[in-house]
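J.: Listed here are the chains, written in short residue letters.
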Amino acid sequence: DTAVSQTPKYLVTQMGNDKSIKCEQNLGHDTMYWYKQDSKKFLKIMFSYNNKELIINETVPNRFSPKSPDKAHLNLHINSLELGDSAVYFCASSQDLPGSSYNEQFFGPGTRLTVL
Amino acid sequence: QKEVEQDPGPLSVPEGAIVSLNCTYSNSAFQYFMWYRQYSRKGPELLMYTYSSGNKEDGRFTAQVDKSSKYISLFIRDSQPSDSATYLCAMSVPGGFKTIFGAGTRLFVKA
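Protein sequences appear in the order of chains A and B. The opening residue of the first sequence carries number 1 in this note's numbering; numbering runs sequentially from there. The opening residue of the second sequence carries number 1 in this note's numbering; numbering runs sequentially from there.
Among the hints, a few may not be true.
What the hints assert, rightly or not - Computed list of lysine-lysine pairs in DSS-like fashion (alpha-carbon distance at most 25 Å, straight line):
#1 Lys36(A) / Lys56(B)
#2 Lys40(A) / Lys98(B)
#3 Lys67(A) / Lys110(B)
#4 Lys52(A) / Lys9(A)
#5 Lys52(A) / Lys41(A)
#6 Lys19(A) / Lys70(B)
#7 Lys71(A) / Lys36(A)
#8 Lys70(B) / Lys9(A)
#9 Lys70(B) / Lys42(B)
#10 Lys98(B) / Lys22(A)
#11 Lys52(A) / Lys2(B)
#12 Lys52(A) / Lys70(B)
#13 Lys71(A) / Lys9(A)
#14 Lys52(A) / Lys110(B)
#15 Lys67(A) / Lys2(B)
#16 Lys70(B) / Lys67(A)
#17 Lys56(B) / Lys52(A)
#18 Lys19(A) / Lys9(A)
#19 Lys42(B) / Lys40(A)
#20 Lys70(B) / Lys44(A)
#21 Lys36(A) / Lys42(B)
#22 Lys67(B) / Lys2(B)
#23 Lys110(B) / Lys98(B)
#24 Lys19(A) / Lys67(B)
#25 Lys44(A) / Lys110(B)
#26 Lys44(A) / Lys67(B)
#27 Lys70(B) / Lys71(A)
#28 Lys71(A) / Lys22(A)
#29 Lys44(A) / Lys71(A)
#30 Lys41(A) / Lys98(B)
#31 Lys40(A) / Lys71(A)
#32 Lys67(A) / Lys56(B)
#33 Lys67(B) / Lys71(A)
#34 Lys40(A) / Lys9(A)
#35 Lys22(A) / Lys42(B)
#36 Lys71(A) / Lys2(B)
#37 Lys110(B) / Lys71(A)
#38 Lys36(A) / Lys110(B)
#39 Lys40(A) / Lys56(B)
Calculated from the structure, these hints are not laboratory results.
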């Protein structure tokens, strides 16, 4: 009964390849996120969707494209992978209403991406 | 200047010590202040949160916010080896979806 799950857990690929990471949450939350955590543990927001609508789109290369087929899923597709894309990618979800209280985010286990 | 500054450590303490973890921030609009704990090769999980200024206590953990100084702290009393993890401070504005995380402080508690 994993709350936020990601697949795959590990991804090793060559430069220039295209890859996807999938995320699913069974918490009934409205908002989902993608974060990138570099080797120094710095966690940086990339995208966020609320009810399948893109609400946060940070400055990330166009090679990264999120897709939310429904509220429970948020996938991340990466084109033309580069060495600098190597990191751990975390999916998260939260139940938010604009103007309401803080948003506790529930994180998935992460996908460790290594680009060779 | 980053919106949230946090010393990445590592911080190594003996079992039973009192640990103090801190963050500073620059955005005075932040009202919600969180501490997440991340064990090795796991996702972060919420440890505590506070709203605006003040203290909040939960067992061995105390979170403190000083908005006048733009400074937040997490204190861990009677630290245990199981507390060894990375602790990330996080902040957000009311009604906002975006949470800004600090760099995380790696804590090692030696038995």
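J.: Take the hints in turn and mark each one as holding or not.
T.: Hint-by-hint comparison with the structure:
no.	hint	verdict
1	Lys36(A) / Lys56(B)	violated (30 Å)
2	Lys40(A) / Lys98(B)	holds (21 Å)
3	Lys67(A) / Lys110(B)	violated (44 Å)
4	Lys52(A) / Lys9(A)	holds (24 Å)
5	Lys52(A) / Lys41(A)	violated (28 Å)
6	Lys19(A) / Lys70(B)	violated (41 Å)
7	Lys71(A) / Lys36(A)	holds (21 Å)
8	Lys70(B) / Lys9(A)	violated (37 Å)
9	Lys70(B) / Lys42(B)	violated (29 Å)
10	Lys98(B) / Lys22(A)	holds (21 Å)
11	Lys52(A) / Lys2(B)	violated (30 Å)
12	Lys52(A) / Lys70(B)	violated (35 Å)
13	Lys71(A) / Lys9(A)	holds (22 Å)
14	Lys52(A) / Lys110(B)	violated (45 Å)
15	Lys67(A) / Lys2(B)	violated (29 Å)
16	Lys70(B) / Lys67(A)	violated (36 Å)
17	Lys56(B) / Lys52(A)	violated (35 Å)
18	Lys19(A) / Lys9(A)	holds (13 Å)
19	Lys42(B) / Lys40(A)	holds (15 Å)
20	Lys70(B) / Lys44(A)	holds (21 Å)
21	Lys36(A) / Lys42(B)	holds (14 Å)
22	Lys67(B) / Lys2(B)	holds (17 Å)
23	Lys110(B) / Lys98(B)	violated (35 Å)
24	Lys19(A) / Lys67(B)	violated (43 Å)
25	Lys44(A) / Lys110(B)	violated (30 Å)
26	Lys44(A) / Lys67(B)	holds (23 Å)
27	Lys70(B) / Lys71(A)	violated (36 Å)
28	Lys71(A) / Lys22(A)	holds (13 Å)
29	Lys44(A) / Lys71(A)	holds (22 Å)
30	Lys41(A) / Lys98(B)	holds (18 Å)
31	Lys40(A) / Lys71(A)	violated (31 Å)
32	Lys67(A) / Lys56(B)	violated (38 Å)
33	Lys67(B) / Lys71(A)	violated (35 Å)
34	Lys40(A) / Lys9(A)	holds (19 Å)
35	Lys22(A) / Lys42(B)	holds (17 Å)
36	Lys71(A) / Lys2(B)	violated (32 Å)
37	Lys110(B) / Lys71(A)	violated (43 Å)
38	Lys36(A) / Lys110(B)	violated (30 Å)
39	Lys40(A) / Lys56(B)	violated (29 Å)
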